[in-house]
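Visitor: Protein chains in written order, with the working numbering: chain G, 1 to 500; chain U, 1 to 153.
Hints in this document: simulated from the structure, not taken from any laboratory. Any given hint could be a false lead.
Pairs of lysine-lysine residues, derived as DSS-like cross-links and limited to a Cα-Cα distance of at most 30 angstroms, are as follows [unchecked claim]:
| id | chain 1 | residue 1 | chain 2 | residue 2 |
| --- | --- | --- | --- | --- |
| 1 | G | Lys235 | G | Lys247 |
| 2 | G | Lys428 | U | Lys3 |
| 3 | G | Lys382 | U | Lys113 |
| 4 | G | Lys283 | G | Lys162 |
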Amino acid sequence: MDVIMQALSNVFTPLNFGGMVFGIFMGIIIGALPGLSVNMGIALLFPLTFSFQGVGGILMLLGIYCGAIYGGSISAILLNTPGTPASAATTLEGYPMAVKHGQPGRALGLSTYASMFGGIFSAICLMFLAPKLANIAVQFSKPEYFALAVFGISIITSVSGKSVTKGLMGGLIGLFIATIGIDSMSGKIRFTGGSSYLLGGLSFIPILIGLFAFSQVLLTVEESFHEQKKIEKVKIDRVLPSLADLKATFISTFRSSIIGTFIGCVPGTGGDIASFISYDQSKKWSKHKDNFGNGEPEGLVAPEAGKNAVSGGALIPMLTLGIPGDGATAIMLGALMVQGMQPGPLLFVEQAPQVYSIFLGLLLANIVMGLFGFSLIRVFTKVMNIPKNILVPIIFTLTFVGAYAYNNSVIDVFVMVAFGFIGYFINKLEFSNSAIVIGIILGSLAETNFRGALMMSEGSFSIFVTHPVCLVFLLISAGSLLSPIFGPMVKKIFERRKVA
Amino acid sequence: MKKWNYVVSAVMTILGIAMIVMSLPFKFFLSSGDPGPGFWPTLLGSALVVCSILLAVMSTISAAKEEEKEVIFSSPAHTRVYKMMAVAVLFCVAMYVFGFYIAMMIFMPLAMKLMGTESDKTITITTFCTLVAIFVAFQIGLKTSLPAPIFWR
Chain G
1 MDVIMQALSN VFTPLNFGGM VFGIFMGIII GALPGLSVNM GIALLFPLTF SFQGVGGILM
61 LLGIYCGAIY GGSISAILLN TPGTPASAAT TLEGYPMAVK HGQPGRALGL STYASMFGGI
121 FSAICLMFLA PKLANIAVQF SKPEYFALAV FGISIITSVS GKSVTKGLMG GLIGLFIATI
181 GIDSMSGKIR FTGGSSYLLG GLSFIPILIG LFAFSQVLLT VEESFHEQKK IEKVKIDRVL
241 PSLADLKATF ISTFRSSIIG TFIGCVPGTG GDIASFISYD QSKKWSKHKD NFGNGEPEGL
301 VAPEAGKNAV SGGALIPMLT LGIPGDGATA IMLGALMVQG MQPGPLLFVE QAPQVYSIFL
361 GLLLANIVMG LFGFSLIRVF TKVMNIPKNI LVPIIFTLTF VGAYAYNNSV IDVFVMVAFG
421 FIGYFINKLE FSNSAIVIGI ILGSLAETNF RGALMMSEGS FSIFVTHPVC LVFLLISAGS
481 LLSPIFGPMV KKIFERRKVA
Chain U
1 MKKWNYVVSA VMTILGIAMI VMSLPFKFFL SSGDPGPGFW PTLLGSALVV CSILLAVMST
61 ISAAKEEEKE VIFSSPAHTR VYKMMAVAVL FCVAMYVFGF YIAMMIFMPL AMKLMGTESD
121 KTITITTFCT LVAIFVAFQI GLKTSLPAPI FWR
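The following block holds chain U by itself, in its conformation from the complex (with noise of 0.2 angstroms):
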């Protein structure tokens, strides 16, 4: 935890000068001496940077202590995270492309398949119902459009 912890304080270093920064064209005191809109969010920005460098110092102090937690983002458990998180990457590009059910329909089977289902019956099943469930629940239950094929829009 204690490599992560310096990653996660440089990080939000310069989260806190980049929100800083991104503050200087707004006023910070208005012409009445009245704090202006510059002002609230350098002052967070600052804050940031304080509890940045704070994080960096208490991880030195207490070395020993961080090292004995183990932050693991590379195992095959990690593997299934990352490939899920690419499928629903996926499936928001096929949302917009394709619209919602058809993008359902690629989605749900890979998500299944991903989480370990084999039984092909299982998959079309669970993934028919889910969708007759969507529709009736929010296109005519609700009145929600869920999103059409960009050639139908």
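Extracted from the complex, chain G is given alone in its bound form (with noise of 0.2 angstroms):
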């Protein structure tokens, strides 16, 4: 009771509160702009977070995570264009609703009130479920953490796109950044060159800042090249979803957000997949299987409520067991050390007050993204027509003032600059930032706990088969690294024995 008690002290502190409201309002407007993403959004806005006191700033990125994933549906449903790729299940039903029956508010409506369902739902589900896994996690040793760390690098399978082997190459690239610095088990210092700015290893926030941030807004200076600007004027009506439109998409919302919290819980998944089942499954299940397609209130509830709820799902292996399920999560999961804290089971026992306050964090969060939804959404909708070419500058100027700000080190910017070059290129050749992030993030958990089992097992490999938890990570993590090359050919044998 004490450790609750002392999370709602620390969840309404005036500054943390206030973090938090202006966390979900940036990440509404980010996520309702088509071309920002909700990882550039958590990626520029995390320098501020450092002005904030012990939990303070992780509850404002988690306002922004849960605004960016809700405000990526305005312009899903205004415009046709998903603000955010977890969006793009919303135009189906969302869009026809809007315009071809000029019911935009009615659409808006029902998308915030199944976003806020699904938001408020998987958070309930992260306060029962994450301290149970922490339980059984924290009788782990050495080779379980290792196997784990390999667990959630396995993850980059998921995220990396068109080429899984440019992922596993860049996941490669960011656990070898994760080695310059000292080594913390021998004391040596590895690749600095002999630069003092290395010796703490390179900085994360930089890279962060430079591979979703300006490596993004690059690509946003081509893709808007030969793009023709319409301003658009959406008269809303009543905003306030009607009793009989609750009634009618209640089951649907309630399937869709225990999908969302199931597929979140799943390291690599994320939000578009989540939108994407929980609209399939509510087609099949629905009696109007005729009017998908036509503005459908069960297909527009149905993606909203799963995507949303993704977010307390995926953040229960990254408390628990300190696995990232997307690069939403690495970030978070960066921001969280960052802060002093390793997520883990441990963080449980060692700083349960802020574990709650970030569950509680998540439940307000959703409930405060739920109430601007239905108060300010005129507001956001007039967001959609600022023009990129004064965005894009602006968002340039806050990706240097964000590198510089961490470390009060201009050094920082020109790796800020480097990794957005970098990361502006390996996105045209299908590598994936996420991919380098994760490797950078989880590398050091990787290489601290593998030497630090065979040092267990006196050289012995074989530490890592005879614990059966370990094991059994290590060998979905094998599954998870070989499925896309083994996972067509399989495909290609049984459809050849079924012409046969």
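Combine the two chains into a complex, taking the hints into account.
Guide: Printed below as a string of structure tokens:
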């Protein structure tokens, strides 16, 4: 009870609560602007979190995370252009309802309700499931931690997009970057080239801003070259959903919230997968299958609830095992580490009030997000009309300020720009920026526990096989890493047999 | 994409070998038999070389599929990106020499012009508002002192 009271007092500090509300507001705006992603939003506003004491910065990031996931739907519904990839499924029913049936207010209202429901549902699941999982994980030793790190790294196959091999290469580079600086086990200085700047390793924040924000803005500069901007004027009527709509869509919303939370728990998945699966399931179970594609309310709420429910689900493996579920949670994991919190089962023992503050923060963030959605939707729809020629230079400037503000170091700004350039080119060559970041974050955990486990076993690799939990995680990781190579082969064999 | 995959493969192989070579001065195993500081980086370098070779082999096997994917680095849109990159580098240098605020007053108008903004009024107002917002948020609010000119340090 003391822990919960402490968590409540943490969350309701004016500065912490204000920061979270600001994060939600900014998150919705970032999500609503096509071309700006959740990851970019978190990376861009990350430096602001250093001004908060304790868990305040994390609450702000949670706000941005929830807000940006929801905000992506605004442009998906009104412009048929998803603000984030996770909102792509929303266009299928949201746009026809808003434009064909002339009910943008109803579409936005249902989207807000479902997003809030999904988010709150997953936050409650997080509160109940995470401590139980942490209780099991607290018995883990070095081999298990190494296996967990490998398991986390194996999600690279899911985030690496078109080429798994390139994803792995990115992950390896990230892991190598994590080795720069003083080796925590032997005290040796590695790969610094005599530079005192690199003694503590390459700063994570400038790399993050470079890869996720600077490179993305460069992509926007390219993509907006032929873009013809047209000002959208949308008249929004009633936003609060009617009782009839709530009744008709409740089952679909509830089902999708369960699907979203479950998918969020599986590392390597994300909002885009959850929203499409939720939409598909909603269609399968619906009595109005024929109306799908024509502005069906059940089809609209399903992806909304599904993608927002991912937020709580993804925090379960992140907080209890220290494994990021996707790019956004990878950044959050880094944020926790920067704030001196090491995600994993011990976090629940050593910093319980902070963990419960995160739980409460997520719950509150979803409620405030819903309230913002219902009350300020007209403001957010206006944001979509900000021209790129004004937005891009402003974001560029913020990336410079953000990179500098972390350490008050101009070298950090150079590092950020360098990684921004690298990020832009490797994106074009089908590499994944998330893979590099995951490598950097999990690098130290993987190396320290790998070497520590070998010390425990006096150099015998059998330690990774004789520990059952470790073996299971390593087998799952191997399956996950090899599935993109062997999966298509197995599929071909089955197809040939079918034909035969 | 096939051609680029070979380029990536070659670059990554060199990088992998470089990682192994750079790890040589560090002990692979300690005298106690435990893995030393060179063990993990060598492992990573070797894995990178293996992945690079795998990429080259896969690109050769699925050559037709890879050739279908087009990677363009030389269109007018890309030229604009490269100009923006040059402006960003210029901004970094200007920030070091002239400090953040003066550099920003050069960068913002240049970037906006590059993005196609024609109205000088829009450029001036946007630059001024961004400058004030950053000053209030970072300098006053967060007490972050942004880089001062080199002659004032």
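Visitor: All the hints need checking, so say for each whether the structure fits it.
Guide: Hint check results:
Of the pairs offered as hints, the one joining Lys235/G and Lys247/G holds, with about 26 angstroms between alpha carbons and a cut-off of 30 angstroms not exceeded. For the hint pairing Lys428/G with Lys3/U, the CA-to-CA distance comes to about 14 angstroms; that is within 30 angstroms, so the pair holds. The hinted pair formed by Lys382/G and Lys113/U meets the criterion: a straight-line CA distance of about 24 angstroms does not exceed 30 angstroms. Proximity of Lys283/G to Lys162/G is assessed by CA-CA distance (about 28 angstroms); at most 30 angstroms being required, the pair is judged to hold.
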